[in-house]
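A.B. asks: Read off the chains here:
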Amino acid sequence: MKIAVCVKRVPDMELRFAIAGDRKSLDQGGLKYDMSDFDGYALEVALRLVEKQGSGEVELLCLGPDGVQEILRKGLAMGAARAIQLKADTVPVDGLAIAQALAAELGTGGYDLILFGRMATDTASGTVGPMVAELLGLPCVTSISHLELDVGRGMARRDLEGATETVRFPLPAVLTIDEGIARPRLATLKGIMAAKKKPLEVKPAALGEVRLIVETMALPPERSGPKFMGEGADAVPELVQRLHTEAKVL
Amino acid sequence: MAALLAFAESRSGELRKVAFEAVTAARAAADSSGGGEVHALLIGAPGIAGRAEELGRFGADVVIVVEHPALDRYSPEVFAATAADRLRAGGYRAAFFAASAQGRDLAPRVAARLGVSLASDATEVELQSGAVVARHPAYTGKVIVTLRLTGEPALLSLRPGAITPRETPRPGRVEAAAPAMDPASARVVVTELTQSAGARLDIGEAPVIVSGGRGLRAPENFKLVEDLAAAIGNAAVGATRAVTDDGWRPPTDQIGQTGRLVSPDLYIAVGISGAIQHLAGMRTAKTIVAINRDKDAPIFKIADYGIVGDLFEVVPRLTAEIRKVRGTQ
Numbered sequence: 000m001k002i003a004v005c006v007k008r009v010p011d012m013e014l015r016f017a018i019a020g021d022r023k024s025l026d027q028g029g030l031k032y033d034m035s036d037f038d039g040y041a042l043e044v045a046l047r048l049v050e051k052q053g054s055g056e057v058e059l060l061c062l063g064p065d066g067v068q069e070i071l072r073k074g075l076a077m078g079a080a081r082a083i084q085l086k087a088d089t090v091p092v093d094g095l096a097i098a099q100a101l102a103a104e105l106g107t108g109g110y111d112l113i114l115f116g117r118m119a120t121d122t123a124s125g126t127v128g129p130m131v132a133e134l135l136g137l138p139c140v141t142s143i144s145h146l147e148l149d150v151g152r153g154m155a156r157r158d159l160e161g162a163t164e165t166v167r168f169p170l171p172a173v174l175t176i177d178e179g180i181a182r183p184r185l186a187t188l189k190g191i192m193a194a195k196k197k198p199l200e201v202k203p204a205a206l207g208e209v210r211l212i213v214e215t216m217a218l219p220p221e222r223s224g225p226k227f228m229g230e231g232a233d234a235v236p237e238l239v240q241r242l243h244t245e246a247k248v249l
Numbered sequence: 000m001a002a003l004l005a006f007a008e009s010r011s012g013e014l015r016k017v018a019f020e021a022v023t024a025a026r027a028a029a030d031s032s033g034g035g036e037v038h039a040l041l042i043g044a045p046g047i048a049g050r051a052e053e054l055g056r057f058g059a060d061v062v063i064v065v066e067h068p069a070l071d072r073y074s075p076e077v078f079a080a081t082a083a084d085r086l087r088a089g090g091y092r093a094a095f096f097a098a099s100a101q102g103r104d105l106a107p108r109v110a111a112r113l114g115v116s117l118a119s120d121a122t123e124v125e126l127q128s129g130a131v132v133a134r135h136p137a138y139t140g141k142v143i144v145t146l147r148l149t150g151e152p153a154l155l156s157l158r159p160g161a162i163t164p165r166e167t168p169r170p171g172r173v174e175a176a177a178p179a180m181d182p183a184s185a186r187v188v189v190t191e192l193t194q195s196a197g198a199r200l201d202i203g204e205a206p207v208i209v210s211g212g213r214g215l216r217a218p219e220n221f222k223l224v225e226d227l228a229a230a231i232g233n234a235a236v237g238a239t240r241a242v243t244d245d246g247w248r249p250p251t252d253q254i255g256q257t258g259r260l261v262s263p264d265l266y267i268a269v270g271i272s273g274a275i276q277h278l279a280g281m282r283t284a285k286t287i288v289a290i291n292r293d294k295d296a297p298i299f300k301i302a303d304y305g306i307v308g309d310l311f312e313v314v315p316r317l318t319a320e321i322r323k324v325r326g327t328q
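Chains as they are written, first to last, in numbering that gives the first Met the number 0: chain E, 0 to 249; chain P, 0 to 328.
Keep in mind that the hints were calculated from the coordinates and are not lab data. Since the model is a prediction, treat every value here as computed from it, not as a measurement. Hints may contain errors.
[To be verified] Dumping the calculated DSSO-like pairs for lysine-lysine here, alpha-carbon to alpha-carbon at most 27 angstroms:
1) 222/P with 197/E
2) 285/P with 16/P
3) 202/E with 16/P
4) 202/E with 51/E
5) 16/P with 226/E
6) 189/E with 1/E
7) 86/E with 1/E
8) 247/E with 300/P
9) 1/E with 196/E
10) 285/P with 31/E
11) 189/E with 51/E
12) 86/E with 300/P
13) 31/E with 202/E
14) 197/E with 1/E
15) 31/E with 222/P
16) 285/P with 226/E
17) 247/E with 285/P
18) 141/P with 222/P
19) 141/P with 226/E
20) 323/P with 1/E
21) 23/E with 141/P
22) 294/P with 247/E
23) 285/P with 23/E
24) 222/P with 247/E
[Claimed, not checked] Which chain P residues stay away from chain E? Per the calculated CB distances, all over 12 angstroms, these:
25) 16
26) 49
27) 111
28) 191
29) 266
30) 315
[Claimed, not checked] A partial selection of chain P residues facing chain E, derived with a Cβ cut-off under 10 angstroms:
31) 11
32) 15
33) 35
34) 70
35) 170
36) 174
37) 185
38) 221
39) 306
Here a beta-carbon is modelled for each residue, glycine too, at the ideal position from N, C-alpha and C.
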């Protein structure tokens, strides 16, 4: 079984963000990066499938500048066999432009499965996975929380709002992985050492035309602090009064 | 004036609230740019046409109804092929989907089929001359990104709850259409749809969400949160990641960066300190109330109203007060 896992490098969300002078990008000062959370789950699912089958391998694919090699090495240390960086100076916000670059690479790989995280934690868009599937003409199931594979086909479950869908699909397929399906493993020292020798290929990204652009980025308006702060249960009547008359939400 | 298309999401023969939000958003965008028709696309099993009138009430001039016995459940390929076909044939300027589980599955497929861009999880949309502009909270809501979409149709998915459905009656004239592909030839098939236990209001649909965190100390204490939600009436119960990780609540209740992203009118955070992970899911709520023992908890920084105190005293009192207010109305 040959599995590709597409990963994205995202900033550490715990940090304070500042907007750069162009008002269209983040100020890079002090930013730290890591693999997007959901991609870690996707990689874990891929590694377990290969381990269970006792054959096959996991390949990583990431689009971005040279800094993304750090997360590719991390994925290799977790157990992926090889990695490809599709080199682009910046990652566009247009999911289709990215999907076109990934599809161009993935289309020639002969993969049984192509996995993505449900969404990247920076943009929260979740568009690239299903777009890649469409571009490659492959079946696709998004946001799956449970997966079972049989010869040539699979069954997945996806959580909707207040309901769950059970979905049947043939392989090869594109899947996007939700949280909770499998907790990502930590890289071992042995894995980290081994990762240094694993192949990491760099190719130019064939990005599609960018038609979705960032016009401006801004920090949300500072909240001036609560309009009402009370203490203890005695503050409840005033809170209810204000929610009723001021905020008009009760 | 090119028309706008709104995808009307349904489940088990019923329209979902996000369908009205999509139609409302399209109507508002059309009206603010000099009028123009709003068409709604409604796909489902025979009988779904009976829902068309409801879409007219929220501003659809035309409801394109695609009925087929095999479409009682979502079929990604059939829905995507049908939506892409209608968009191609209709010369629409923009199309509005919900950033719901179904909309997030469908909209990117349609965008890729048409070779157009998609702005996901938008909270505001504006039609400008030559472009569509959307605002989208990114980086866990710490940054508001304004996106410009060029090319037609511009595809958008709207964060559930960000648009308040508004009645602006239009004819809602029904036009029947056929699915763009034979549902029997779909490769991806939804074999089962299981509604979650109970008739609880979903956190994506509820105008009010009451959420609980670790401050509740034990799973059985969620009763306090449920009682408060019940007293409010139109409220759903949510939870933090810490709580769902510990198995106190199902993972589907999780609100946060890796859970649901919601925009209710009122969000009440009970015993929630306000970790980044959680704030990412709820900071676009219109009014935020926090109840926490620690006056320095980060949740108070984004709250509109707060009470510092023991939730085991404050919440039952709040529930009682709301019952009183409700009782006298």
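A.B. asks: Hint check: residue 31/E vs residue 202/E, CA-CA at most 27 angstroms. Holds or violated?
C.D. replies: Satisfied, since the Cα-Cα distance of roughly 24 angstroms is no more than 27 angstroms.
A.B. asks: Verify the proposed pairing of residue 189/E with residue 51/E, using a straight-line Cα cut of 27 angstroms.
C.D. replies: It holds: about 21 angstroms lies between the C-alpha atoms, which stays within 27 angstroms.
A.B. asks: Answer holds if the nearest beta-carbon of chain E is closer than 10 angstroms to that of residue 70/P; otherwise answer violated.
C.D. replies: violated (14 angstroms)
A.B. asks: Can the hint on residue 174/P be confirmed by a CB-to-CB distance to chain E that is less than 10 angstroms?
C.D. replies: Since chain E brings no Cβ nearer than about 26 angstroms to residue 174/P, farther than 10 angstroms, the hint is violated.
A.B. asks: Check whether the Cα positions of residue 189/E and residue 1/E lie no farther apart than 27 angstroms.
C.D. replies: Between residue 189/E and residue 1/E the Cα gap is close to 23 angstroms, so the pair holds against 27 angstroms.
A.B. asks: So residue 266/P supposedly isn't at the interface. Is its beta-carbon more than 12 angstroms from every beta-carbon in chain E?
C.D. replies: At roughly 10 angstroms from the nearest Cβ of chain E, residue 266/P sits no farther out than 12 angstroms, so the non-interface label is violated.
A.B. asks: Taken at face value, is the distance from the CA of residue 31/E to the CA of residue 285/P at most 27 angstroms?
C.D. replies: violated (31 angstroms)
A.B. asks: Taking the closest Cβ pair, is residue 170/P under 10 angstroms from chain E?
C.D. replies: Since chain E brings no Cβ nearer than about 30 angstroms to residue 170/P, farther than 10 angstroms, the hint is violated.
A.B. asks: Checking one constraint from the list: CA of residue 16/P to CA of residue 226/E, max 27 angstroms. Satisfied?
C.D. replies: Violated. Residue 16/P to residue 226/E sits at ~30 angstroms, over the 27 angstroms cutoff.
A.B. asks: Hinted pair, alpha-carbon criterion (27 angstroms max): residue 86/E, residue 1/E. Please report holds or violated.
C.D. replies: Holds: residue 86/E and residue 1/E sit about 23 angstroms apart, inside 27 angstroms.
A.B. asks: Verify the proposed pairing of residue 323/P with residue 1/E, using a straight-line Cα cut of 27 angstroms.
C.D. replies: It is violated: about 62 angstroms lies between the C-alpha atoms, which goes past 27 angstroms.
A.B. asks: Does the closest beta carbon of chain E sit nearer than 10 angstroms to the beta carbon of residue 185/P?
C.D. replies: Where the cut-off is 10 angstroms and the nearest Cβ of chain E is about 9 angstroms from residue 185/P, the hint holds.
Hint violations for this structure: numbers 1, 3, 4, 5, 10, 12, 15, 18, 20, 25, 27, 28, 29, 30, 33, 34, 35, 36 and 38, all remaining hints satisfied.
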